[in-house]
Amino acid sequence: MQRKHVSLLSLFALILVLAACTASANTGTVTNGDPDPWSHVPAQPIHTDHSHIIQGPFNSGQEVTAACLECHADSANQVMHTTHWTWEGDPVTVPWRDEPVTIGKKDQINNFCISSQGNEKQCMTCHVGYGWSDENFDFAEQTNVDCLACHADAAVYNKGNYGLPAEGIDLLAAAQSVRAPTREECGKCHFDGGGGNGVKHGDLDESLYFPSENLDVHMGRLNFLCTDCHQTDDHVIKGKLLADNYTIDPVAQVACENCHQGTVHEDERINQHTDSVACQTCHVPAMALKNPTKTYWDWSTAGQDLPEDHYTYLKIKGSFEYEKDILPTYMWFNGNNAYRYLLGDTIDPSQTTEMVTPAGSIDDPTAKIFPFKIHVANQPYDTVNNILVPPRTAGEGGFWTTFDWPSALVLGAQDAGLDYSGQFGFTETSMAYPTTHMVQPKENALQCNDCHGENSRLDWQALGYPGDPMEWGGRDLSSAATTQRTDSPGIAAK
Amino acid sequence: MNQFTKSRLANMSIRARLLLSITLLAFVSMGVWSVESAIAARSAAPVEQTSPVHPTFALLDSDGENVLTSNAALSLDKTCGTCHDTAFIASHAFHADLGLSGITEAGQAATGTPWDTSTGLFGQFDPLTYRYLTPAGDERLDLSTAGWLEAVGSRIVGGGPAMTSREGQPLLSSTLSGPEASILDPVTGQSSPWDWSQSGVMEMNCLLCHTVEPNNAARIERLQAGQFGDAVTATLLGTGIVDSTDQGWAWNADAFDATGELKPEFVRIQDPTNENCAQCHGVVHDGATPLTLEACDLDNPQTATTGQVISGQKISESGLNLADKGKLTYAWDIHAERGLKCTDCHYSLNNPIHYQERQDDKLPNLLYDPRRLEIGEYIERPDHTLARGQSAQFDVAPESKATMRRCESCHDAVPTHQDWLPYTERHMQEVACETCHVPELHAPAIQSSDWTVIKQDGSPVTVCRGIDGDSTVTDLVTGFKPVLMQRTNVDGQSMLAPYNLITSWFWIYDDANGNTRPVRQIDLETAYLQNGAYRPEIIAAFDSNGDGVLAEDELTIDGDASKQAVTEQLAALGLGNPRIYGQVQPYSINHDVVRGKEAISDCQTCHTDKSSLVAPIVLAGSVPGGVLPQFVADVNVAATGVLDMNAGKLTYQPDPQADDIYIFGNNRVTLIDWLGALVFLTTLLIIAVHATMRVLAARRNPKEPVATQPVYMYDKYERFWHWLQTITIILLLLTGMVIHRPAMFGMFSFRHMVTLHNALAVVLIANAALALFWHLTSGQIHQFLPRPRGFFDQAIVQAKFYLSGIFNDGQHPFSKTYRQKLNPLQQISYFGLLNVLLPFQIITGALMWGVQQWPGIAAMMGGLPYLAPFHTLIAWLLATFVVAHVYLTTTGESVEGDIRAMITGWENVPVHEEHTTQ
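Order-wise, the sequence lines are chains A and B. Read left to right, the first sequence gives residues 1 to 494 (this note's numbering). Read left to right, the second sequence gives residues 1 to 918 (this note's numbering).
Just so you know, not all the hints are guaranteed correct.
[What the hints assert, rightly or not] Here are the computed distance ranges between Cβ atoms for each label pair:
#1 A/Pro37 x B/Ala288: 39 to 49 Å
#2 B/Ala288 x A/Lys315: 45 to 55 Å
#3 B/Ala288 x A/Thr383: 57 to 67 Å
#4 B/Thr670 x A/Ser39: 48 to 58 Å
#5 B/Ala288 x A/Thr274: 17 to 27 Å
#6 B/Ala253 x A/Ser407: 35 to 45 Å
#7 B/Leu834 x A/Pro37: 53 to 63 Å
No lab work stands behind these hints: they were computed from the structure. Every residue, glycine too, gets a C-beta built ideally from N, C-alpha and C.
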C-alpha cells in the first residue's frame, strides 16, 4: 500500500514537472569551443618576493644574470631562442629572392629610425641583452641576457647605451624587484616603439599604463596584463609583428578567437560578418585615442636649424605629423605579408614604396577586412641603384652628430653591406601596422551605419565589392573556398 | 616588388572593368583605387561624388530657352520636363498639393472646426505656427495665399497652392480676387493688392529633394521676400552654376559645356536622402559629429512635435545633456542605424522596386502581380505620392494613408516574441509595435502652446516636455514617455499606439459675417502691445506681483481680471464675442524605434496597477481662462481617457477599459472583488462560529467513544484524482491571484505565472475529464446524483444535523459507506461545484485563453471585460468552496478521520445499524 502511494505521488510530481517544463521551453544554446573567455585566460603566477633571495653585490648586469641562472638555469638559454634576443626570424624563402632571408630589426630596415645596424648604441636600449655594440656581440654568452629588462620593476631599472644598465642603476635593488612582467615592463619598449610614445603603433602607447575601460576594455575594465594574451611558454611569447615576418603561423599569433569562441554575438547578422570582417574592424574603431601617433616622418628636412617641437620637427629626425583619434585604413588581410622590403630590393622612386604589404584579397577566403595604421616616411635612397640606403644616425660619426647626409649614408651603407653609388635622394615609403589593441567595450563598437549606407567608412568598391554588400550582397566564399589562398596584396579603403 | 605592383594593378583593372559593365556607373572612377592612391591621398578630403546615373542636361527658363542665353530664372517644369512628365509629377504629389485639392468652405473640412478649410498645411489652422489662411469673403484677412507662402514657405516645396488658385486656375494668368490677390500689410493691418506677375509663382522644386546640398536658406530668403519666381533658382546658389546679381541671375558659363548642357561635375542629382527630407521635416543626423538640436524648434516640426530624431548615432554619443546618457548605448533610430533611408519606407507609390498592391485591391488568389512598370516608365512618370502611415496630424491626402509597408510587412514578429511573450498574437492584435519599441523619446517635444497671451516679441508661451530648461546642451534633457492611445487603422483594426499630445489655447471670435475664426496674430499683438511694449491695461491685469513688469510666469490668463482685460482689448478691435478655445492634438510617434533589448519587455510595465497604459501625461501647467481643451476631431485616435487637474497640472489619463481593453493585472471590477471577498469571509466567519460552538459543545458534553470499524471507502483512483484536483485548484487560485493583482505579489514573475496558470488549467481539464469518464464507467457517478425521492427530507435532516445535532449527540444522520459516501448536502454542493462552478470556470478560462486564437467567440461573450471579472468571481467561489469543504471534513467521526481516509482509503465508520441504507 505504501509503495503505491509513492508511485501515485511520483506520477503527480511528473505531471507537475511536465507542466512546468512547457513554461520554460527553449533555453538551450549551441556552442562550440568553450564560450567562456575566462577559461582561456591563464592564471598569473604567484609573485615570489626576491628581495630576501638575491643578496648581491652586483658590479654588472652580467653578474645579475649569473645570479638568476643559479636558480633559473634554463632561462637564459630559452631567451636566446626568442626574437627578443636574436632580433631576426628564421630564414624564409621569399619569391623575389633566390636565397632564404631573415627578417628582423637586426638586418632589415623600417620606416622610423630606419636601421639598427651601426646605431646599436641607442637601439639596443630595447634589446634583452647587455653590450650589443657591433657584429662581434657574443650571442652565445648566457650572462649577456638581460633578465632585468623584462623582470625588474620598470621603476627601478633602465637600460642605457648598447643595452647596458643605465648609469646610476642600483642593480641589487633592480634584481630584488624582479617579478612577472607587467604592462610597465613590456610597455617601456613597446609603447615607445619607433623612438617615442606612440610613434610606431596607433594602438600601443603610454596611455595603456593606466587605461580607462573606454581606452582598452581588456586592460582598462579587466586590468589585463600583456601576458594574459601574449601567453608565454619557456620565454617564447606568443604574438608576432607583421613587419618582422614574412608569413606568420597562426598558432604563433594572438587572436581574439583564442578566448572568444562560439557564437560571440547575440545578433545573427553580426555573426554573419565574422567570415569577412576581423573582430578588430568593429571593436577597434579608431586609433591613437588618447596620445597622438606619428603618421608621417620626413627625414629630408633633418639637420636644419628649425624651431624644434616634439610633434613637428627635430633636427636629428626631420619633420613629423602626429594624429590623434584617427580612422584606420582598411584592407584585406590574411595575417601574412605579400611583400616585405628587404635591403637591396630595388624600388620605383616615383611611387610610394610599401615596405610592408599585407596579404589578402576579396578572393582569399582566409582574408578578412582588417584595420591598419599606415605610416609614411620620406627616407634616403640611392638614386643610381634605386635602393633604400639606411643612414648611420646614433652610431659614431653618424648623422645625429654630424648632420651630414653624404657621410652618414656612406657609413650606413657600410653597416648594412650595401653597394652605394654616393648619389642620394629621398623617397616615400610606407608601412602598414595591423591595429589590434585598444579594443573597445561592445557599446563603443562600430554599428551598421558606420560601414553601410551613405556615410560608410569603407570604400567597398576599392575593397573589391561591386558596392555596399548590404545592398549588393557579400562575397561568395563558396567559390572562393576552392581557390588557393592568394598572397596578393590587400586593397586599401579610403 | 614591381612584379607585385603590376599584378595587383592588372587585377584591379579587370575588376574595375567588370564593375563598370555591371553597374553602368559611367562616372565612377573608383577602379584605380589601390593602396598607393589611398596613401597618397591620405590627407585629401574625399572627392564629392557627382551623380552616377543622371545624364547631363541643359537648364531652361520658363520659355524653354537655355538660361545661358536668356539669363532668366530657371524653370524646372521645362528643364526636368524635357525627360520627366512634370505635369504628372505635380498632379501626383501631396507635397505639392498640401491640401489645395481638398479645399472647401470654412467649417466644412473634416476637422470639424468652424475655421478650417482643408485637412492639410494649406487650409488647416495650426495653433503652433498660428497664422490663419483666410478663406475668400472673410471680414479680416490674415494669411492670403501670398502671405501664406511668405510665412510658411520654408515647408512648401512648390507647385500646388504656389501655382494654382483655390478655384483651380493658374495664379499667373487668371483674374483673381480676395485672399488670392492681396496680402496683409503688417503696418496698416489692412489688405493690399498682390501682383503675381511681379512676384512670380513657385514651381514644384525638384532640386530641393533631388540634389546634394540644395541651398534651402537662399530659397527661403526669396520666399520670405515675396520673390516666389526666384525661389527655385535660388536653390542653386552656391553651387557655382548661378550667381545672384543686382541685374538678376548670372549663369556661370564655366559650369556648362559647349552644347549648353551642365558639365557632369555640376549634375548632382540624386534620390532624396534623409538630409533632403530633413529640410522640412525634422532632425536628421548622420556622421560622427555629436548630434545637437534646438529644443522644440518649429523649423524641425517633426522633432519639435514628437521628439523624434532620425539618426543612427548612439544616443550616448550625441551632444545632448541627457539624463542617464551613459546607459543609452544604442542608436536614436535602429532603422537609421541599420542603413535605412526615409525613402525606403516612404517610397513613391509606383516605384517598381517597392510597389505593392493595396490590400483591398488585391485579388485573393494572386500573391504577386509581375506586371509592373518598367524602370524607364517609372523614371518618366514617378508618382510623387509617397507611401505613408496613419499619422493623426495633418491628414493631407487621406486616400494615401496606410500605403506604407508597416513593421509587420518587413518583420515577422512571431519567432522573436513567441518564446517569451505569452499571448503573442493577442499582444500583436492589440498593441502597435511602436508601443513597446518606442518606449521613450530622448529629445524634448512641445507640451503646450498658449496663444491666449503673447510675449513682447509676439510669440506665445510654449512649454517643452522632456527638458528642464531651454538648451539641450547645457540644461538637463530627460526625454519623455509617450502616452498610449487607441488608434483605429484604415482597415478598421484598433490598437494601442504611442503619441505626444500638444495642447494649444488661443482666442477665437465671431466676425461680422457670423463666422468663428481664430484671432489674427496682428489683432492679438494690437490687443497686448502698444509701440512694442505691453499696454498699461494689460500690465495692470497681469502683473500679479505689482512690480510693473510682466515676467513670463505672470503671463497667463489665470483669473477674471486678465481674461476681462484681454477680452476688452479684443472687443475694442471690433472682434465679436472674443473667447478662449483650447484643443489637444495627438502627434503619432512611429520613428526612433529601438530593438528588442531596449524595448519594453517587462510584463509589469503594463500588467500592474501603475501600468504605463494608464500613465497620465501632463498637458499643461495651467488652464488659460479655465477652458478645458477639446481633442481635435477627425483623428484616428480615440480620446476616451480623462482630462483632469492633478497637483495644479492638467493631465490626460488614458482609460483603456473605455476602449473595451481589459489589461490583466491592471483592470479589475472592484464590485466583483468585494462581492467575492464578502462571500469568502462570511464563510470563514460561519466556520469560525460553528467550530467554536462545536468545541464548546464537545467540552460540555464529551462525546462517548463509538465503536467503529475500518471501511475501505476510497479507491486508489478516487484518491488520486481528488488530490490532483486539489493541488491544481489551489495552484490555479494562487497563480490567478498573482495575475489578478501582480502589484501585491511582486516577487512572482507575471510571465511565468501566466504560463503556469495555463498549464495547470490543462491539467485541471484533463483530470476532470478522466475522472468523469471513470465515474461514468465505474458507476460511481451515482454517488453524486441526488436521488429524487426523499432527497429534500434527507437534506433537511442533514442540515439540521450541522445546525444543531452536531453540537448535541454528534450522531450523523447518514452513515458513510463505500457505496454511499456523500450525504445529501454534499451531493447538492458537489453537484453545484462540478456542474456549475467548474464548467463555467473552464469555459470562461478557455475563452480568455482563446482570445488570440478565436477572438470572435470571446467577443460574442462580451470579450475580456466581461469574461475576466466573471472568471474572477468564480475563482472567489471556488476558494470559498475549498475552505468550507476542508472544514466539513472535520465534522466526521474524528476531526482528521475524513482527511486520513482520503489519503489511505480506509475510514473508521461507526458500527450501528439503524441509519444504514444499504
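Do the hints match the structure? See the list:
Remark: the range hint 39 to 49 Å for A/Pro37 to B/Ala288 is contradicted by a beta-carbon distance near 30 Å. At about 37 Å, the beta-carbon gap between B/Ala288 and A/Lys315 misses the expected band of 45 to 55 Å. Checking the proposed 57 to 67 Å range against B/Ala288 and A/Thr383 shows it is violated: the Cβ atoms sit about 43 Å from each other. Between B/Thr670 and A/Ser39, the C-beta spacing of about 56 Å keeps the proposed range 48 to 58 Å intact.
Take B/Ala288 and A/Thr274: their Cβ atoms lie about 24 Å apart, and the range 17 to 27 Å holds. Restraint check, B/Ala253 to A/Ser407: a C-beta distance of roughly 59 Å breaks the suggested window 35 to 45 Å. Between B/Leu834 and A/Pro37 the CB atoms are about 59 Å apart, so this pair conforms to the stated range of 53 to 63 Å.
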